[in-house]
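Visitor: Residue numbers (this note's numbering), protein chains in the order written: chain A, 2 to 328; chain B, 2 to 328; chain C, 2 to 328; chain D, 2 to 328; chain E, 2 to 328; chain F, 2 to 328.
Simulated from the structure, these hints should not be mistaken for lab results.
Among these hints, one or two may not hold up.
Each pair may be met inside one copy or between any two copies, as identical chains are not told apart.
[Unchecked claim] Below are the EDC-like pairs computed for lysine to aspartate or glutamate, each with C-alpha atoms no more than 20 Å apart in a straight line: (1) K21 - E271; (2) K297 - E273; (3) K328 - D203; (4) K47 - D25; (5) K120 - E101; (6) K46 - E69; (7) K21 - E92; (8) K307 - E154; (9) K74 - E127.
Number of protein chains: 6
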Amino acid sequence: MNGFREALEKLRSPYVEELKNWIDKEIDGIYKIKSKKLQESKDGKKFLLLTLEDRTGSVRAIDWYNAESNDEKLQVGHVVNVRGRVVYFEERVQINVLNEQDAVRRLSENEYDIERFVKSVENVDEMYKSLLRLIDTIRDEDYKTILQRFFVEDKNFVEMFKSAPAGMRIHHAYKGGLLEHSLNVAKLVDSICKIYGQLDRDLLVTGALLHDIGKVKEYMVNYNGIEVTTEGELMGHIVIGVEMLSQKAKGIPYEKLLKLKHLIASHHGEFEWGSPVLPKTPEALVLHFVENMDSKVNRVMQIIDKEDREKSWSEYDSNLSRRFFLK
Amino acid sequence: MNGFREALEKLRSPYVEELKNWIDKEIDGIYKIKSKKLQESKDGKKFLLLTLEDRTGSVRAIDWYNAESNDEKLQVGHVVNVRGRVVYFEERVQINVLNEQDAVRRLSENEYDIERFVKSVENVDEMYKSLLRLIDTIRDEDYKTILQRFFVEDKNFVEMFKSAPAGMRIHHAYKGGLLEHSLNVAKLVDSICKIYGQLDRDLLVTGALLHDIGKVKEYMVNYNGIEVTTEGELMGHIVIGVEMLSQKAKGIPYEKLLKLKHLIASHHGEFEWGSPVLPKTPEALVLHFVENMDSKVNRVMQIIDKEDREKSWSEYDSNLSRRFFLK
Amino acid sequence: MNGFREALEKLRSPYVEELKNWIDKEIDGIYKIKSKKLQESKDGKKFLLLTLEDRTGSVRAIDWYNAESNDEKLQVGHVVNVRGRVVYFEERVQINVLNEQDAVRRLSENEYDIERFVKSVENVDEMYKSLLRLIDTIRDEDYKTILQRFFVEDKNFVEMFKSAPAGMRIHHAYKGGLLEHSLNVAKLVDSICKIYGQLDRDLLVTGALLHDIGKVKEYMVNYNGIEVTTEGELMGHIVIGVEMLSQKAKGIPYEKLLKLKHLIASHHGEFEWGSPVLPKTPEALVLHFVENMDSKVNRVMQIIDKEDREKSWSEYDSNLSRRFFLK
Amino acid sequence: MNGFREALEKLRSPYVEELKNWIDKEIDGIYKIKSKKLQESKDGKKFLLLTLEDRTGSVRAIDWYNAESNDEKLQVGHVVNVRGRVVYFEERVQINVLNEQDAVRRLSENEYDIERFVKSVENVDEMYKSLLRLIDTIRDEDYKTILQRFFVEDKNFVEMFKSAPAGMRIHHAYKGGLLEHSLNVAKLVDSICKIYGQLDRDLLVTGALLHDIGKVKEYMVNYNGIEVTTEGELMGHIVIGVEMLSQKAKGIPYEKLLKLKHLIASHHGEFEWGSPVLPKTPEALVLHFVENMDSKVNRVMQIIDKEDREKSWSEYDSNLSRRFFLK
Amino acid sequence: MNGFREALEKLRSPYVEELKNWIDKEIDGIYKIKSKKLQESKDGKKFLLLTLEDRTGSVRAIDWYNAESNDEKLQVGHVVNVRGRVVYFEERVQINVLNEQDAVRRLSENEYDIERFVKSVENVDEMYKSLLRLIDTIRDEDYKTILQRFFVEDKNFVEMFKSAPAGMRIHHAYKGGLLEHSLNVAKLVDSICKIYGQLDRDLLVTGALLHDIGKVKEYMVNYNGIEVTTEGELMGHIVIGVEMLSQKAKGIPYEKLLKLKHLIASHHGEFEWGSPVLPKTPEALVLHFVENMDSKVNRVMQIIDKEDREKSWSEYDSNLSRRFFLK
Amino acid sequence: MNGFREALEKLRSPYVEELKNWIDKEIDGIYKIKSKKLQESKDGKKFLLLTLEDRTGSVRAIDWYNAESNDEKLQVGHVVNVRGRVVYFEERVQINVLNEQDAVRRLSENEYDIERFVKSVENVDEMYKSLLRLIDTIRDEDYKTILQRFFVEDKNFVEMFKSAPAGMRIHHAYKGGLLEHSLNVAKLVDSICKIYGQLDRDLLVTGALLHDIGKVKEYMVNYNGIEVTTEGELMGHIVIGVEMLSQKAKGIPYEKLLKLKHLIASHHGEFEWGSPVLPKTPEALVLHFVENMDSKVNRVMQIIDKEDREKSWSEYDSNLSRRFFLK
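Please put together the full structure from these sequences, using the hints given.
Guide: Pasting the structure below:
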């Protein structure tokens with residue numbers, strides 16, 4: 002989260018997806034070793050074949066000069082600084098490691114930013130501002146107060162909320178995913194309230210922004226990716242979320258608080274999806290459907306985005322038990 | 002569907018829910034016999050106790066004058082013309098049948114409008130105009146053409162679509178329910194497209210308006226209420242709907258037609274809900290969620306609307322396996 | 002809950018199941034009207050046929066003297082004081098109402114104890130003492146502290162806990178049912194810990210006593226029987242229970258508290274049974290199985306107890322989808 | 002589908018399963034490269050190890066002469082013409098590639114018949130004649146007319162029907178599988194009609210032959226094996242099949258057509274198996290059971306056939322969740 | 002089972018469905034009292050209204066002469082001898098009870114045959130002969146021996162098998178149903194073996210005849226209808242059937258016996274349908290499908306047979322969750 | 002089962018898990034070859050890399066002296082006698098094979114005890130004595146007689162029971178597992194009977210000891226591990242167990258026998274878990290819950306035991322769909 006250091010690093014250290022702009026130039030980049038193999042060329046010369054990765058993709062690197070010593074020194078999972086020349090080989094981008102001592106050097110944890118290895122959304126600040134504007138539109142003073150206690154006054158919470166994912170693998174599984182998902186759901190229910198006039202719009206938008214707050218404690222992000230915390234495993238984000246809401250509920254009328262807690266407690270919608278109670282207000286029902294839809298749409302959009310646009314069909318997705326049409 | 006006749010009938014024939022405005026007046030109304038019992042008063046006098054109903058509710062009627070002959074003549078299910086005086090008795094509205102020959106007279110089918118016995122939405126024409134305006138916003142000429150072939154050019158279809166229900170019991174189970182549901186879904190996906198910029202809005206709105214067209218052949222409305230037709234039982238509205246679309250598809254590019262058919266074919270979303278295919282485009286996924294949400298919201302709103310506003314909780318709804326909060 | 006008043010009432014007012022000991026004696030009892038019918042004997046005399054009930058059963062009563070006036074005055078659901086003579090008629094116990102003004106008199110809510118109409122366990126105090134002795138055996142000071150805060154120091158909680166049911170219909174659906182169930186589960190896991198040496202016995206017994214505490218706020222008992230509260234419907238006893246535990250957790254080490262919360266949060270064992278998380282410690286797994294077993298055993302024992310011991314098989318129980326063998 | 006070319010090819014080009022009859026002879030065969038590895042013998046000589054396959058199995062081939070150039074030239078998936086000598090080596094059949102230029106030569110798509118690489122039933126023509134004979138036994142002129150429009154008059158359909166599979170992986174997953182399955186089901190229901198006298202035999206046999214016709218558009222066979230078409234993914238063979246029937250339904254009485262469509266629409270039998278409607282005639286019920294049984298029996302027979310007859314039990318089949326007894 | 006007595010009874014005692022042939026004649030019949038009501042005519046005369054039934058239907062009877070004494074003497078469930086005159090009244094057949102002492106007389110259990118009150122198939126002996134002929138066609142001596150031990154040599158078993166039902170409510174729920182079902186299944190698998198040449202026909206036919214033999218001990222028929230025995234409830238017909246087979250298995254090769262036991266043990270096909278093992282031979286798979294199909298077809302045929310042929314659709318059947326088409 | 006030979010072997014042949022005590026010593030051990038790879042060192046020297054295993058774990062072995070000849074001679078799955086020196090290399094225990102002819106020598110089946118390769122519980126005899134003591138506490142002579150027929154008089158059964166597993170993979174999947182599970186369940190129900198006074202303790206303990214006896218015929222243990230027998234696949238341990246009980250039931254009152262058979266037949270508890278009947282006595286219900294709990298607890302304890310105690314969470318267990326907390 003150190004924007005300045007990241008900017009500096011980026012100057013000398015392109016992301017993998019940017020390497021295609023560095024052909025025939027030297028780079029001095031930071032990557033993680035994904036795989037490693039010591040091999041022998043036809044003429045008996047040893048070389049070290051590396052696959053390097055960051056959050057944007059992976060690339061092949063070849064070390065012809067210090068193959069054996071580097072093979073002993075380095076291990077899969079090490080984050081390294083690599084100096085090399087970017088070339089095209091067999092129609093793919095490749096890094097040829099320079100003939101220097103320490104052309105490949107292992108970094109300690111404080112020498113790089115884990116941002117390089119964890120996917121995240123780009124426009125976090127923009128989304129956060131959009132969320133604040135939405136809070137401004139809440140007319141019910143109690144709901145507005147609760148939202149402000151979380152999203153304005155509690156700086157620590159805001160920091161966590163902006164960098165948390167909303168899932169581990171299936172949907173919004175990247176830093177900022179929780180903010181993106183919560184904001185999307187809030188915008189969706191907001192526009193749905195214009196069609197269903199009977200709904201309590203302030204309650205519903207508030208619930209949309211708060212429904213997944215427990216995830217800031219359920220997940221943690223490190224350079225291995227997203228992991229579930231002990232608290233997350235043992236309580237789950239629903240129970241955690243209700244507790245977090247209780248802690249900021251001083252002075253809020255009991256009935257309103259109960260309705261909000263119900264939105265959090267029931268948003269999984271069905272018992273078999275881990276909901277301790279079923280939605281029992283129209284607002285809870287709408288929140289469940291919209292929340293579920295946004296998760297699935299996000300999932301599908303990611304599947305589609307990473308496919309080759311030439312194909313008609315995505316690969317089979319075992320989570321959703323189907324392929325998706327790309328045309 | 003005969004607005005004029007209904008207007009005339011209404012003049013002389015209040016609906017059950019209007020009877021409270023006719024206390025101590027005579028009415029000449031049309032009702033269906035819901036139950037019938039010949040009884041004897043404490044002083045040995047026979048009287049005929051009737052329960053009469055129309056689409057707005059039911060009311061007690063007492064015939065003290067021709068009890069036995071009317072008991073023989075009438076049967077449960079008969080639609081009758083009743084002349085009587087409206088009174089309050091034991092804190093309820095009641096009709097005292099007049100002492101006249103044929104004060105209760107059975108009607109043949111062409112003497113009344115079945116509208117009196119089937120619930121329907123009020124603002125059909127307004128909703129239809131709203132639907133036409135939505136069609137005007139479609140920019141894709143092919144999708145617009147298909148919509149116009151159904152909703153503008155095919156007068157017979159329009160008539161059926163405006164008076165069909167969208168379900169038998171659970172949701173939108175009244176005349177006009179199909180129009181209401183289709184329009185709601187179309188408006189909802191339209192507003193959702195503003196948030197999900199990647200969706201094909203014209204495809205999705207078109208699919209929303211067409212997804213349930215098969216229901217015009219699946220259900221039929223008569224004075225018993227809503228019944229499933231033989232075609233509906235044997236094919237179901239999904240297969241019927243795809244066939245109806247094919248019949249109006251001349252000249253439409255194959256790929257667009259296929260996407261539309263997919264929206265109809267997959268809108269139930271899961272195999273166990275009778276979907277022959279799963280949604281495999283983002284549009285199909287969104288249509289399924291929104292369609293499902295609108296059905297449930299309609300269901301819940303009806304449950305809430307018919308409850309006493311004094312209570313905190315509705316009766317237990319066995320279809321949704323829960324009570325609903327009314328506050 | 003007023004033991005003295007109940008004792009007094011009992012003196013003059015036998016429970017229905019005791020009436021068989023009062024044949025040919027006069028009683029002055031308190032019952033609820035379950036049904037009521039004004040009838041006429043073969044010789045044209047009007048009589049009022051009542052079915053009266055309390056928590057122990059129901060009995061027929063006949064009023065030959067003020068049939069019509071009482072028919073007008075009384076309604077199903079009224080709690081009444083009845084003076085009459087107990088007789089055998091057609092092989093059944095029956096109350097012949099006396100020929101007096103007000104032989105059947107409606108009571109206001111403060112004239113009777115709702116205990117008469119709600120089933121409850123008998124040995125509440127004994128069970129509570131047994132629970133306290135179990136708490137004494139806990140060696141871990143933190144767990145013991147929590148238990149004492151609930152079961153010793155919080156008098157209001159103790160009162161509620163002793164009179165709450167553990168279910169609405171299926172199991173332990175009577176006053177004191179929660180205490181009975183919690184104590185049973187605690188004793189069971191205690192004895193199981195002797196066989197599974199690896200389990201943390203103090204944690205498990207503590208969790209057993211606390212797992213259903215949320216039910217003191219989920220249910221309420223009145224003279225209609227057991228009802229779910231608004232808080233119970235909207236949050237469920239799992240979420241409520243975790244919150245109640247949090248409120249008494251000051252000074253308890255975080256890790257222990259988390260394990261206890263996990264026992265509460267996961268005790269339903271499977272998502273489809275409303276568990277927001279799955280059991281992830283051996284203790285949580287054992288608690289789930291034992292808790293489930295005790296509910297089912299209680300259910301079956303009640304089915305068996307109320308059957309005629311002459312029969313080989315109980316009636317079909319639709320909740321458990323089977324009959325039970327009675328021999 | 003070019004029988005003559007296949008005959009010619011076969012002369013000079015044995016299938017893999019026939020190679021055991023060519024030991025020590027030279028062949029000039031057509032195979033697909035399944036895997037490829039450049040290796041070095043103990044004495045430092047490079048050789049190219051190939052696995053070649055066709056629809057009957059796979060075989061090892063070794064190229065000692067042009068290993069490196071062929072390694073560069075060839076890729077997995079290429080269909081090649083191989084000249085070599087068939088030998089036994091390490092108890093397995095093997096092809097030793099000849100020392101000639103182009104002993105292994107890549108073929109373009111029009112140089113071979115994809116039949117070599119797709120499994121198919123042998124007796125297609127015999128089965129087709131059997132199907133025609135069955136059509137002759139239909140006494141109802143309307144059903145017979147429909148069958149003839151498909152299976153006699155529509156040459157294009159007949160061609161597709163004879164070469165389509167009835168599944169992708171689980172059952173009848175080979176060319177001709179659809180014909181085999183449809184004929185089997187028709188024969189089975191025919192013989193069942195002799196036992197259930199009340200069934201409409203003509204309707205049922207017709208439905209059996211037509212129930213899966215949509216599969217001619219759902220699947221496509223190419224040298225990669227069986228793939229689902231875009232139309233198949235988006236509509237499924239049930240909806241496609243009903244549409245195909247509609248297109249040949251001119252002049253057929255509405256009621257008969259509806260019954261036939263119902264057989265197609267309901268043959269999956271249960272909603273969770275993708276049936277948009279449940280079977281609602283005895284014929285539809287029987288068709289569903291027989292169709293399902295034939296699929297499973299075919300699946301099991303294939304499992305059994307490919308196992309070693311010495312074993313008592315097949316490998317575990319994860320699709321059917323069991324092993325099968327082979328004795 | 003006393004054919005002679007039944008013949009005699011029938012002479013003087015028509016079944017309910019035959020009463021339409023006795024209009025204006027006197028009968029002396031045996032029926033069970035289904036309901037009973039003492040009523041008063043308009044002129045103040047008491048009459049006793051009875052509904053009488055036997056296995057063929059129910060009929061109204063009126064006693065004008067001994068209404069009150071008979072009302073006291075008789076109870077619902079009594080089997081009675083009724084003398085009366087058959088008439089048409091209000092378009093229905095009715096019995097006017099004669100003015101005689103004991104015109105309605107209660108019978109003790111040995112005065113009538115319970116056959117009158119339990120539905121049964123008509124052609125039991127014919128079906129049994131058909132079964133014996135099928136046994137003659139078994140070529141494997143071991144399987145034939147087992148079948149003969151049951152169906153030829155064990156007279157007690159034969160008697161039970163011929164009069165047992167194959168179900169309680171859903172299918173073949175009448176005396177002789179087990180024979181009918183077993184024979185049907187055997188004939189069906191026999192004809193299926195002609196199409197699937199690989200099946201072991203002798204094994205399969207033997208298994209078909211034996212698969213449900215446990216039902217002779219699972220059900221018992223008395224004048225209340227069909228009841229499950231204690232042994233049936235506690236073990237189920239699958240476990241009972243395997244045990245019965247073991248007891249007649251002396252000298253049969255172990256492997257054949259095991260295959261037969263497998264057919265019995267697995268014929269429910271899926272765990273959730275109470276099968277302790279899944280079908281693991283092709284024969285077991287076919288037996289399961291055919292057995293299941295025959296149950297459903299029987300169920301549907303009974304639904305259809307009892308409906309009015311004028312209607313297009315049966316009533317909704319909640320067991321199969323659908324209506325059936327009657328045209 | 003030859004304890005003496007095993008003792009001898011152990012002298013000269015440490016188990017894998019004991020090798021860490023043999024560093025720098027020579028061993029002469031018996032292991033199975035798990036994997037094998039011929040490799041070349043940097044200086045061009047061939048060596049054979051083996052992974053050896055027994056029931057306690059696996060270890061790396063290197064043969065520098067007869068690499069190529071041993072590579073040809075040995076295959077994965079061979080049981081071998083290995084002479085070598087135990088060393089630490091790269092922080093792991095490793096065996097350096099000696100430079101001798103036959104330092105690695107394949108053994109025939111009678112040269113080793115399969116105990117070396119199958120996991121088993123240690124305290125079989127102690128558990129067996131504990132089981133006998135439990136039998137002594139049974140007061141009902143009939144139940145005691147049955148237990149003695151199995152566990153005392155039938156030496157062959159006792160031998161099988163002591164060495165059988167109770168499962169293949171999920172729980173108690175090792176020799177002695179059946180004894181361990183049965184004894185555990187019996188002890189658990191015994192202690193539960195002290196809390197539920199209404200249960201028939203003798204019946205329940207007897208049922209607990211017998212519930213899984215069919216598993217002695219369902220599984221067989223050989224050097225490949227645990228396999229299901231043909232009888233086990235075709236009948237399952239429930240049906241086998243009931244039959245085994247029948248064979249030892251001479252002279253036992255029918256009713257008691259039936260209750261015991263019911264405990265065996267219903268112990269899987271639900272149809273979908275392969276139970277042919279549901280538990281219909283309180284004892285059957287308790288046996289099901291306890292049996293299920295013991296299986297799960299055993300499963301979880303094994304997961305926990307094999308994890309590194311430093312970690313907080315186990316690996317994800319796909320059978321139970323969760324991770325387990327290790328702290």
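Visitor: Run every hint past the structure and note whether it holds.
Guide: Consistency of the hints with the structure:
no. : hint        : in the structure
1   : K21 - E271  : neither (47 Å within a copy, 43 Å between copies)
2   : K297 - E273 : both (17 Å within a copy, 18 Å between copies)
3   : K328 - D203 : between (39 Å within a copy, 15 Å between copies)
4   : K47 - D25   : neither (24 Å within a copy, 34 Å between copies)
5   : K120 - E101 : neither (31 Å within a copy, 53 Å between copies)
6   : K46 - E69   : both (11 Å within a copy, 17 Å between copies)
7   : K21 - E92   : within (11 Å within a copy, 41 Å between copies)
8   : K307 - E154 : neither (38 Å within a copy, 43 Å between copies)
9   : K74 - E127  : neither (43 Å within a copy, 52 Å between copies)
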